[in-house]
Each structure stands twice: as structure tokens, then as C-alpha cells.
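Between the sequences and the hints, there should be enough to build the whole structure, so can you do that?
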Amino acid sequence: MTKQQKQPPLILVDGSSYLFRAFHAMPALSASDGQPTGAIRGVISMMRRLIKDFPESPIGVIFDAKGPTFRNTIYSEYKAHRPPMPDELREQVEPIHAIIKAMGLPMFVIEGVEADDVIGTLARQATETGIDTIISTGDKDMAQLVNQHITLVNTMKDGDAFMDVEGVKTKFGIPPELIIDFLALMGDKVDNIPGVPGVGEKTALALLQGLGSLESVYERLEEVPALGFRGSKTMPKKLEEHKAQALLSKQLATIKTDVALEMGPADIKLVEPDKTALLDWFKKLEFKGWIEELLSAGETVDDVEQALDVTYETILTQQQLDNWTKQLAQAALFAFDTETTSLDYMKAEIVGVSFAIETGKAAYVPLAHNYVGAPEQLDRDQVLAQLQPLLESVDQKKVGQNLKYDQSVLARYDIELKGIAFDTMLESYVLDSTATRHDMDSLALKYLGHKTIHFEDIAGKGAKQITFDQVAIEQAAEYAAEDADITLRLHQALEPKLAEHPTLVKVFKEIELPLISVLSKMERNGALINPGLLQKQSVELAKRIDELEKEAFDLAGEEFNLGSAKQLGEILFNKLELPVIKKTPKGQPSTAEPVLQELALDYPLPKLILEYRSLSKLKSTYTDKLPEMINPETGRVHTSYHQAVTATGRLSSSDPNLQNIPIRTAEGRRIRQAFVASPGYKLIAADYSQIELRIMAHLSNDEGLLSAFSQGKDVHRATAAEVFGVPIDEVTDSQRRSAKAINFGLIYGMSAFGLAKQLGVSRKSAQEYIDLYFERYPGVLTYMDDIRHSAAENGYVETLFGRRLHLPEIRSRNQMRKKAAERTAINAPMQGTAADIIKRAMMSVDQWLTESQLDANMIMQVHDELILEVAEAQVDEVVAGLKLRMVAAADLSVPLIVDAGVGDNWDQAH
DNA sequence: GGGCGGTTATA
DNA sequence: GTATAACCGCCCG
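In numbering that gives the first Met the number 0, the protein residues as written are 0 to 909.
Don't read these hints as lab results, they were simulated from the structure. Keep in mind that the hints are not guaranteed to be accurate.
[Claimed, not checked] In silico DSS-like links for lysine-lysine, alpha-carbon gap of 30 Å or less: (1) 606 x 574; (2) 565 x 585; (3) 51 x 139; (4) 508 x 882; (5) 346 x 396; (6) 581 x 618; (7) 549 x 624; (8) 739 x 818; (9) 282 x 268; (10) 346 x 417; (11) 65 x 283; (12) 585 x 817; (13) 450 x 282; (14) 346 x 581; (15) 325 x 249; (16) 188 x 249; (17) 282 x 618; (18) 460 x 287; (19) 463 x 450; (20) 188 x 232.
[Claimed, not checked] Label pairs and their calculated CB-CB ranges: (21) 646 x 553: 54 to 60 Å; (22) 576 x 728: 46 to 52 Å; (23) 761 x 24: 44 to 50 Å; (24) 728 x 545: 48 to 54 Å; (25) 627 x 559: 24 to 30 Å; (26) 601 x 752: 22 to 28 Å; (27) 646 x 375: 46 to 52 Å; (28) 441 x 679: 44 to 50 Å; (29) 441 x 72: 40 to 46 Å; (30) 627 x 287: 33 to 39 Å; (31) 545 x 677: 33 to 39 Å.
Glycine included, every Cβ here is placed at the ideal spot set by N, Cα and C.
Right under this line is the structure:
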């Protein structure tokens with residue numbers, strides 16, 4: 000007998016079953032336009048997996064149609080209690096259908112019957128033509144279809160749970176042909192199939208295993224009591240009573256295999272996917288990973304759709320430059336970008352500049368490419384001199400990507416970039432701070448579906464990376480001109496989106512845009528530090544660290560690396576057998592600070608480790624590093640403030656981070672002593688007092704909190720008095736400490752659990768504190784509830800000035816994620832409003848200092864604090880003016896209080 | 001050399 | 001319980 004080549008199995012997918020399951024299993028994801036995407040992602044990734052698992056097989060996807068089916072005709076109550084499809088799922092159905100079609104998977108929606116019936120019919124027909132079928136479903140009812148040629152697979156389960164005849168027997172305890180009878184007896188709550196009352200899974204199985212089929216059960220009712228299951232004595236009566244219902248249920252539960260279909264299994268064929276359509280959908284839904292996957296190496300989205308229509312010019316002659324200068328002068332808006340030798344704005348040398356005046360029309364002016372065989376280029380100084388009037392003109396509007404960098408670099412060439420009308424990084428950030436990173440490559444992919452040339456593509460990466468002046472001009476031109484072109488295109492995509500939300504336009508134009516230059520100046524001002532002082536501290540720290548290490552080795556009885564949490568854990572918990580208090584997410588015993596703190600009460604080694612850790616941190620991060628960060632030209636350290644990083648609107652600082660310089664310990668404060676004023680100058684440190692709590696008072700309008708602040712009370716003391724029911728001047732230190740923790744907890748959206756941990760009390764007493772607090776400050780409770788609700792309703796929260804933070808997870812069915820989003824919803828308006836306020840203050844202070852020509856500069860910002868360096872003679876005037884402007888930066892229903900200190904160093908100024 | 005976990009500095 | 005950046009060790013390629 001010649002064995003015929005086995006055909007690959009036909010795959011039939013129960014689309015509707017996966018639709019619902021994906022909807023409920025996935026987090027509440029959404030695209031930035033609000034389109035929900037969780038179910039789409041879930042269903043489509045399931046399809047992708049099937050294609051991967053069965054590359055040879057034709058795959059058909061079947062969905063339920065809208066409207067009644069024949070089952071409603073025979074039983075009007077069928078599926079009558081199903082709630083209507085949630086809107087968020089309904090909005091995802093069309094995209095799912097469209098994407099499945101674009102993937103090249105034949106899709107069927109047949110009215111009057113259910114997906115199950117279509118699948119049953121197709122599977123039977125396939126069997127008849129000698130083709131085996133695999134049905135992909137999450138619905139156990141389908142088990143009735145299983146036979147020698149038909150198996151089930153649950154693609155959503157890990158490891159793809161296959162179920163053949165044996166599998167059905169193992170899982171249900173009965174063969175496939177009895178599944179219908181099983182369902183008929185048991186009924187189905189969800190589909191509203193009645194079944195026989197009093198018969199559940201166990202009874203139905205006992206009946207069928209004992210007597211065969213439903214019909215046979217009814218023929219042999221007198222044998223039922225002998226089966227001996229619970230309630231078997233009264234069962235015949237019940238069965239008899241509900242016989243009609245049982246038979247109806249069987250009819251309802253039976254999947255039809257004889258639906259009249261216009262197509263058959265032969266119509267399910269592999270079709271080439273429609274890449275363009277898929278790209279469109281993935282772009283719209285922001286499925287970035289899948290977009291990248293669709294593209295073969297080196298291919299861009301534009302290769303698949305239409306390539307960008309571009310004319311990029313490389314400017315090597317004076318005539319070309321003159322021509323472009325003229326066109327730039329006439330342009331209402333142009334995009335501008337500099338190419339340099341370094342990311343460090345204080346060291347970067349300009350290598351070239353690029354412009355775009357309209358979509359696709361861009362130019363690159365190479366100025367300092369420096370490699371063997373590089374062509375002669377226009378003189379950098381001359382070109383910059385020619386461009387200077389354009390760049391310095393307020394009326395000549397520019398758009399760029401992170402123009403703070405370009406502004407700082409140009410300042411090194413004594414060019415003051417003005418006329419900054421837009422910055423695409425900030426447009427994206429204001430639009431949705433968390434939707435994406437705000438670098439140009441990410442934005443181009445997200446908003447234009449364009450995969451840009453990455454810097455690493457032309458310069459390499461890691462140790463082998465070359466600087467931009469080493470890059471061949473041909474490649475550099477393509478890269479640089481594209482940057483300008485894409486910047487312009489991004490702006491054209493982002494501006495209309497921003498314009499839809501007038502409050503966001505205000506945040507962009509009145510806060511973020513004017514802040515660019517303020518930050519650029521602060522960064523370039525830099526902070527003066529005394530490296531000798533830090534180096535001296537480093538030596539002292541090294542000595543103490545060395546001593547601690549020796550003592551630790553003695554206690555441990557062996558030498559080990561104190562900096563290795565792994566080795567330390569080994570010593571503490573295995574060798575010395577100290578109790579494990581907490582585990583890290585990866586399961587090893589935690590040696591984090593609070594854990595060691597607790598162990599230190601009973602054992603000597605943890606205390607040593609704590610001191611070792613804190614001193615090593617100070618040494619490696621601050622006393623060793625800061626002197627290395629001093630710029631040799633200016634003798635100062637120049638941080639970078641990032642304007643588009645945090646979710647809430649705060650700035651962040653890096654290289655070095657000047658927003659986490661120690662202050663809590665005496666050792667740490669010595670580091671602040673190394674932040675000094677130049678001779679003849681002083682440092683002023685001015686910080687907002689309790690700004691976030693004041694914002695909470697304002698936003699919540701809580702009477703008690705408002706009056707506490709209005710009367711100038713110590714708010715933690717006032718809270719303690721209320722919560723502990725004592726007169727305000729009898730509040731103990733410990734009560735005040737607790738109240739302070741409660742106040743902080745409120746700002747963080749605390750739970751009783753978290754507060755308990757913080758205070759070291761039981762969860763129950765923490766809850767009592769919280770209850771008492773809300774009793775005394777009911778406005779705060781109302782506010783917290785309101786913000787949770789409005790966050791859930793809108794999907795975002797807002798600061799006082801209209802900045803938005805999107806919180807897609809606020810509707811997550813995963814309670815952990817939902818709760819986390821709720822905490823963010825509570826915290827973000829306070830943290831974000833505080834950020835808005837200090838940003839407004841910085842602009843006001845900057846304007847004042849510039850106009851008054853005072854000998855004073857802002858040099859640092861630490862979230863609620865501004866540090867200025869001021870000529871000694873002007874200190875009093877600047878302190879007064881600074882406080883005035885910081886206080887006036889917002890008009891709240893409670894006073895804003897600013898405390899300012901003056902000193903020769905940062906520690907003294909506090 | 002790159003990425004990640006664990007830890008710790010700040011508001 | 002919120003928001004960050006940066007260090008070290010460790011493991012991988």
C-alpha cells in the first residue's frame with residue numbers, strides 16, 4: 000500500500016472565544032488617541048503564534064455574527080442574560096477583523112448560526128475530504144467535535160494544550176460523543192442553557208458514566224438510585240420532571256455540522272499578507288515591535304508604503320549656501336539641527352548644520368569633517384557668521400528636536416539661538432509624557448511610521464564608535480538632512496494633535512518652550528565645587544571603609560566582597576544563619592537597608608554593612624566622581640536637566656545628577672559643603688515649604704487643612720493634634736513624626752499596609768490613623784475619591800495648570816496595576832503642579848535677573864528648591880526678589896511660603 | 001562591552 | 001505608598 004503524503008491539517012480558529020478571553024486577560028492597553036488595544040494585541044498575537052506553529056497549514060478564522068441565531072428561535076431565553084458587549088471591546092472588533100484579513104487569514108462571519116456551528120460544519124466537511132482539522136478554541140463545549148480526525152488546541156494556554164479523543168476522556172471522564180449529553184444535563188449559566196436543576200458536573204458525569212447517554216438515562220431511570228451518588232434517590236423524579244428541558248438543552252448544546260455554507264474547507268487557503276495594510280494598522284495602534292518585525296533588514300516603512308519624497312542637498316559651495324540662506328530667510332518656519340563631536344554640550348564642536356524648509360526639502364552644510372580624503376568644506380566660522388542673523392532673529396521661527404542642546408552648543412560659538420517656536424521633543428512630551436520616549440527615532444516611528452537612520456548606523460557603537468567628524472560626508476548628509484526633514488514632518492504631525500487640547504497648548508507655549516533657554520543658561524552657568532575638599536573626604540572615607548571591611552571580615556570569619564549582595568547574603572543567611580526578613584523579587588534573601596536595619600538590633604555585622612554601604616555610596620557617587628566631572632574650561636560642573644523624561648512634569652538631572660546630593664546625614668552634608676560660591680559671591684538656597692501639601696489643601700479645598708496653612712501652623716503638628724486628639728502644644732515628637740508620615744503617605748496615595756510599614760505599627764492601627772485623618776479632614780477624602788473617579792473616567796489626571804498625565808492602567812482588570820495607577824493619579828496632580836509652579840518661578844526669576852542686570856545666576860534646581868550664586872553686595876536684594884517671585888508663581892487658596900538661606904557653600908545656605 | 005538586578009542618594 | 005539617576009556586581013556573548 001502506498002502511503003499518501005499526509006496533508007497539513009486545516010486550522011479553524013474560534014475567533015469569538017478568543018476575542019472575549021483576550022479582552023479579559025489583557026491589561027487595558029490603549030493607543031495615544033484613546034483607541035483600546037488590549038484585546039487586539041491578545042487576539043493578533045495568538046494568530047501570529049498559530050502561523051508560527053503551523054506554517055504549512057491553511058488557517059481560517061470564524062467569528063460570531065451580530066443578531067439572533069436559530070437557537071434563539073427554539074429557545075428565546077438563549078444567552079438572554081449576556082450583558083451587552085463592553086464599548087471598549089466593541090471598538091476593537093473591527094480592527095481585529097481587518098488585521099486578520101491583512102494577515103492573509105480567510106475570515107468568516109455567518110449570520111443566523113454561531114461560530115461553533117460554522118466550525119463544526121467545516122471540520123466535518125474537511126474530514127470527509129480526508130483532511131484532519133485542528134480547532135483552536137478556548138471553549139470547552141467544542142470538545143463534542145473531537146474525533147479521530149478533529150483535535151482541539153487552546154492557543155492561549157502556555158504550551159498549546161492539545162486535546163484529542165483520549166484527552167477529552169482524561170479531562171472530562173467521558174468520550175467526546177457524550178459531551179453534548181453532559182452539557183444538556185448540567186446546563187450552562189453563561190449561555191443560559193437550563194439543563195436539569197440539581198444536576199451539576201458530578202451528577203451529570205455519574206449519570207452518563209453509569210448509563211451511557213441522555214436517552215439511555217431516560218430509558219433506565221429506575222437504575223439511577225443504584226448509581227449511589229449524592230441525591231441519587233430523588234434524581235429520577237427530578238429528571239422526569241425536567242425531561243423537556245433536558246431535551247431542549249441537548250438541542251441547544253449541539254453544535255451543528257450541517258450548516259449550508261457558501262464556501263467550504265477548500266476556500267481556506269494561505270494568502271500572502273498585505274504588508275501595507277498591516278503597517279497602517281500597526282502604526283495606528285502603535286504596535287511598535289510588530290512594525291519593526293514586519294520590516295526586513297534595512298527596509299523602512301517607506302520602502303513598503305511609498306518612500307519619502309526627498310531632495311537633500313549637500314552644501315559645499317558659497318553659492319549653494321547663499322541660495323539656501325535666502326530661502327531660509329523667506330521661510331515662515333524652518334527646522335534646524337546641529338551635528339557635533341559630543342553629546343556633552345560643553346565639549347561639543349560643531350561638525351555641520353542642517354535645515355529643512357518644507358517637507359522633503361532639506362540641506363546639510365558639512366563644516367568640520369575631518370578624515371583622510373574628506374572634501375574641502377566651507378569655513379565653519381564664516382558660515383556661522385553668515386547664519387548668525389538668522390539664528391539670532393526672534394522673528395525667524397525655528398523648530399527643532401531638543402533645541403536646548405543646539406542652543407548650548409551655539410552659545411560656545413557666541414551665537415544666541417532665538418526664535419524657538421517649537422520643539423518636537425516637548426510637543427510629544429506635553430501631548431503624552433509616557434506614551435513613548437521622546438527621542439527623534441522613537442517619535443518618527445510612532446508618528447510617521449518612519450524608521451530613521453540611527454546615529455549608530457553611521458557611527459557604530461561602543462568602543463568602536465567614531466565621532467561625527469569622522470563620518471563620510473555622503474552618509475552624514477543623508478543622516479543630518481533627514482534629521483531636519485523629519486523634525487519638520489514631526490512638527491506637522493504633532494502640532495494639530497496638540498491644538499486639539501488648548502490647555503496643553505498653553506502648557507507647551509507658556510511653560511515648556513520658554514523654559515528651554517532658562518535651563519540652557521543654568522546648565523552653562525554650572526556649579527562651582529571645591530575638588531580638594533572632596534578628595535580629602537574621599538581619602539577619609541577610604542580609610543573608614545577599609546576599617547569597616549576588616550571588622551566585617553573578622554565577624555564573618557572570612558574575606559568576601561562587601562559590595563556584592565550575593566556574597567553578603569551567603570555570609571549572613573547561610574553561614575551566620577541570620578533570619579531572612581524579606582526576599583528580593585528574584586527570590587534571594589534581601590539585604591536592603593530596612594532589612595539590615597532590623598537585623599542590626601540583634602547582630603553586629605549588619606550594622607557594619609550599613610555604614611559600609613552608606614560610605615561607599617558617598618565615595619563612589621559623589622566624592623570620587625564629582626571632581627572628575629569638572630569641566631576643564633570653566634572649572635565648574637555642568638549637569639544636564641532633562642525636560643521630557645518624567646511622567647509628572649518634573650525635571651530630571653544627570654551627568655552628574657545634582658538632584659540627589661546627600662543631605663540627611665552629617666557625612667553626606669559634608670559633600671554639600673564642597674558646592675561653593677566663587678570668591679566675592681554667595682550661594683542662596685530657596686525652597687518651597689510643604690509645597691505638595693499646600694497644593695493638596697488647595698485642590699481638595701479641605702477646611703481644616705486650609706485653615707492650618709492660613710494660620711501658619713506647623714502642619715505636621717496640627718495634623719498630629721487632630722489625629723491624636725491632643726492640644727496642639729502638647730503634641731509629642733513621636734506623634735508629630737507619625738503625623739508627618741501620614742501626610743507624606745497621603746501625597747503618595749498610601750495604603751494602610753504601606754503606612755504601617757513606614758511607622759512600624761500594625762496594619763490595623765495604621766488604618767485607624769487613616770480613618771481618623773479622613774474624619775478630621777473630610778475634604779481630603781472627597782478629593783481622593785473624586786480624583787480616582789475622574790482618572791478612571793477620563794483616562795488621565797491634570798495639574799492645576801492643565802498638564803496631563805495619561806493613566807491607561809487605571810481601568811486595568813489587574814487589581815495590582817489598577818491600584819498602582821490610582822496612587823499615581825493621586826500623586827501626579829500634586830507633584831506635577833509643584834513642578835509647574837517652580838518652572839514658572841524659574842522663568843520669572845530668569846527674566847528679572849536678565850532685565851535688572853543683577854550679578855546673580857540660577858545654577859541648580861532640586862524640585863522644590865532653587866540655588867543661585869549672587870554677588871555679595873546684592874545678596875539681600877536678590878533674596879527678597881527671589882522669594883517674591885517664587886511665592887507669586889501660583890495663586891493658591893493657601894499662602895506659598897519660601898525659606899531662603901545664604902552661605903559660602905550649599906550646606907551653609909540651608 | 002552591554003544589560004540587568006540590587007541597592008541607595010534626593011524631593 | 002509617588003517621582004527620579006547612578007553605582008556595583010554579575011552574567012552573557
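Ascending list of hint numbers which this structure does not respect: Hints 14, 15, 17, 21, 23, 29 not satisfied by this model.
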